[in-house]
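A.B. asks: Top line first, the protein sequences correspond to chains A and B.
Going by our numbering, the letters in the first sequence line up with residues 1 to 259, in that order.
Going by our numbering, the letters in the second sequence line up with residues 1 to 259, in that order.
Simulated from the structure, these hints should not be mistaken for laboratory data.
Pairs of lysine to any residue, SDA-like flavour, derived with a Cα cap of 25 Å:
no., chain 1, residue 1, chain 2, residue 2
1, B, Lys2, A, Gly162
2, B, Lys240, B, Asp255
3, B, Lys240, B, Glu193
4, B, Lys2, B, Ala62
5, B, Lys2, A, Arg159
6, B, Lys240, B, Arg222
Read off the chains here:
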Amino acid sequence: MSRRSGWLAGHWLTVASPAVLLIGWELAAATGLLREAFFPRPSTVLAHLRRLIADGTLLAHALPTLGRIAWAFALAAVLGIAFGLAMGLWRRLRESLDPVFAVVYPIPSILFLPLVSFLVPRGETALIVTTAVTSFFLIAFTTTEGVRQIDPLVVEAARHYGARGRRLFTAVLLPGALPFIFTGLRLGLGFALIVVVAVEIVNATYGLGALLWLSWQVLKVEDMYATFVVIAALGAVLSYGLAALRARLLPWAQDVAER
Amino acid sequence: MKVEVDDVTVAFESHGRSVVALDRISLRVVAGEFVCLVGPSGSGKSTLLRVVAGLLRQTSGAVRIQAERPGTPATAMVFQEHALLPWRTVLANVAFGLENRGVARAQREARAREMLALVGLTRFARHYPHQLSGGMKQRVGIARALANDPEVLLMDEPFAALDAQTRTIMQEELLRIWATLGKTVIYVTHSLEEALLLGDRVVLMTARPGRVSQVFPVELGRPRGLEIRASQAYGVLLEKIWSQLREEVVRAMGDDRGA
Numbered sequence: 001m002s003r004r005s006g007w008l009a010g011h012w013l014t015v016a017s018p019a020v021l022l023i024g025w026e027l028a029a030a031t032g033l034l035r036e037a038f039f040p041r042p043s044t045v046l047a048h049l050r051r052l053i054a055d056g057t058l059l060a061h062a063l064p065t066l067g068r069i070a071w072a073f074a075l076a077a078v079l080g081i082a083f084g085l086a087m088g089l090w091r092r093l094r095e096s097l098d099p100v101f102a103v104v105y106p107i108p109s110i111l112f113l114p115l116v117s118f119l120v121p122r123g124e125t126a127l128i129v130t131t132a133v134t135s136f137f138l139i140a141f142t143t144t145e146g147v148r149q150i151d152p153l154v155v156e157a158a159r160h161y162g163a164r165g166r167r168l169f170t171a172v173l174l175p176g177a178l179p180f181i182f183t184g185l186r187l188g189l190g191f192a193l194i195v196v197v198a199v200e201i202v203n204a205t206y207g208l209g210a211l212l213w214l215s216w217q218v219l220k221v222e223d224m225y226a227t228f229v230v231i232a233a234l235g236a237v238l239s240y241g242l243a244a245l246r247a248r249l250l251p252w253a254q255d256v257a258e259r
Numbered sequence: 001m002k003v004e005v006d007d008v009t010v011a012f013e014s015h016g017r018s019v020v021a022l023d024r025i026s027l028r029v030v031a032g033e034f035v036c037l038v039g040p041s042g043s044g045k046s047t048l049l050r051v052v053a054g055l056l057r058q059t060s061g062a063v064r065i066q067a068e069r070p071g072t073p074a075t076a077m078v079f080q081e082h083a084l085l086p087w088r089t090v091l092a093n094v095a096f097g098l099e100n101r102g103v104a105r106a107q108r109e110a111r112a113r114e115m116l117a118l119v120g121l122t123r124f125a126r127h128y129p130h131q132l133s134g135g136m137k138q139r140v141g142i143a144r145a146l147a148n149d150p151e152v153l154l155m156d157e158p159f160a161a162l163d164a165q166t167r168t169i170m171q172e173e174l175l176r177i178w179a180t181l182g183k184t185v186i187y188v189t190h191s192l193e194e195a196l197l198l199g200d201r202v203v204l205m206t207a208r209p210g211r212v213s214q215v216f217p218v219e220l221g222r223p224r225g226l227e228i229r230a231s232q233a234y235g236v237l238l239e240k241i242w243s244q245l246r247e248e249v250v251r252a253m254g255d256d257r258g259a
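Just chain B, with the same shape it has in the complex (with noise of 0.2 Å):
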């Protein structure tokens, strides 16, 4: 098992009041897969995925990651609005975590070339993000990400922020990369489409308290474009799960609304 999560709760203060956000979560992620976290706004996606990132401290529970290659971290995120450092080059940001695990500078940049050479950035090497669009800065993000080699990649709603015509680029992108480096990926999404597209195992969870509500095994083949959204079996596995997620985001939504 590559990433155990097991009865992990996270509880908060706010406003004088404790706000449960993950209530005894356990999950298992084995390696190489692709797992998609999908569930109504305030059901503690992110949260869950900071917990495994090391960001954030669980109030309760243990994560667990199973490491092959020691000197390489646990994990690497790609944030939703990229967080690149503005004042660095686009290669300088790749090679951050290298830097700042004392990687020798010839090295690291070879490092961070190849990555950008995966993502399609080569020429941009010595661009700052400002100048970049947003696809562009995040395929940045995806390279820093994976120069370190990580366990895990997570992702927390990466192409959340982009248009219509470029998440669908990214997202085949991120298929081909997955493909070449067989890397397990935690992915948080609000788009079912976005999670049948990508993931292996689609996990439904629910808001407040945050809870796994269901989880579903994606069995559409390999590889995936966008042609499986025509295939009859997509159809069927959309729906299902969707009756499920309307049940919670209404149920999220009266809860706003109430008390």
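Extracted from the complex, chain A is given alone in its bound form (with noise of 0.2 Å):
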């Protein structure tokens, strides 16, 4: 038996529930089952999605979507990791902090979208900026606990041998929260697109959430279920691509998360 075909044989179930679920949506949906206005087959969600690449329509609005989470991942992760590694290292800067952080987190980061419009230029930035909210809160926070949670004894072993100071920071305790911050990076990451969407439905012309709203509301059923396949694939190309990059960088890390 082939190393492929094993891995089938232990994962089948992964693979088959997706595929029962489209067969028995495509045969609902030809049999009359379900209304193929607002439920159209995927495999006419395939061929519009096949349309839309073909005439650079999904280009067009992929492209503004990418450059925004991109921003807003870079601004959220900077000014997160920098929050937190100073929250986690200074018991006095996370006491005064936590407070703050606990009230504004919970605000679902849309509504920050007209307050931010009032403090940057419009369009773009405040777009960026609101995207960035809520991925900072969570990057902030998941470094914040990756600094407290190094063994107290692992710190003492390095003082012990010498490393103080500066060295004590990029020796033991910035590698140390590496774990944690890669997590805090993937949820932000998340996030970020599901911000940016929601953003581009209320303020934007270009865009995947602009694009998905635009075919709702002229009920181009089928353009709406494209885009959202694409939105899922990035956002798993997303996830993946982080988790595969702390594969890489952290291998000391990788069994422990794995066990």
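Once you've looked at the hints, go ahead and assemble the two chains, each given alone in its own frame, into the complex.
C.D. replies: Following this line, the structure appears as structure tokens:
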């Protein structure tokens, strides 16, 4: 038996359940059990997706979204890691910022759009900053925890062997927090995608969120589903990409996570 | 005299009460000697070791360590839970102290490899700590301490967490390494059998406050192996120290229950 078929034997449910769902949907729509006007067949959606790709519509909407995610994620990551590390290291800073974060964090990010629009130039910048808000909090929280969960005995041993000041930070505290930081980045990237689509629905002409909403409003339901598929695929690629990066950069944390 | 501990007292506040962990302890260790500290829980064995290591500051009294080779640290500690840096390979863990002191890469890695050979881990230089067994981790801990070529090697119940067979192997290994390098060792343990197998002298400590109760020379010859357990002198000495230790343990348990 080959390795591949061995994998399939072990994971056949993972492959079978979405396949059954799609085939069932296809049949239900074909037989009129589902109204095709609202639930078009998967094969039809696929055809529309091909057309959106071929005529350049998808690219015209996907590129602005990717650009916004990239900027927002970079902003959230840099600030989130900086704040998180500082809060992990200094108890007083943590104690003064914790209540503020606790109040602001659960507010749905989209609600920051009007506020942000007053503070920064309208348009792109406001979209990017709004997209970054929730990701920033997630990354800051996990980074803080990452610093705090480092075994104090390991820190004591490192000090004993001469790691002080900057050296203690770069050789012990930062690498010790990295697995948590990566978890924060992965969550933050996922939320950036969620929020950017929401923000684009409200306030953008171009973007996957805008395409989704426009398709719905003019009842191009097939295009709406096609956009769904693209957004879902984008989320999966980003998430697994970051997981693969983590596996490459943190080989020492990988086996622990898998166990 | 290699190590002189003079009238050292360690007191700290706990729940608003002043607790005396060490009460005017004095101890002398000659160069090349292997001294074992034994006593009930709460007798301050580990506290004394941490004061000698400079990890904890005494309230009063003085610790002097005679330095013969300038540039090398006075002490290096082998921690109970190994306390290796999980994100560093075995080689980088062993070289950590030298790296912190600014020793060039080629030089520190050569030294680390030498120490890994000494503890029998040459093949595992590129492994991460989580890929090693408990006994192997503690070998790395010993190699890390020895790589610094300290004046005094401090060991805080290094084999307490290992299973009985591994512990026995590690004790024999430690005796071999000690005979090779001729280091001065201060070794904390719960186990009288271990202390008699390893030590030149056994220092019996009392609990609450921690004091030196009695010092027993171990005149069982060298080199020593597990076969000494069959000798009459061993049995007599074990019985003699145990009758003392027993009193201390019972008294410490009474303190825990009462008061």
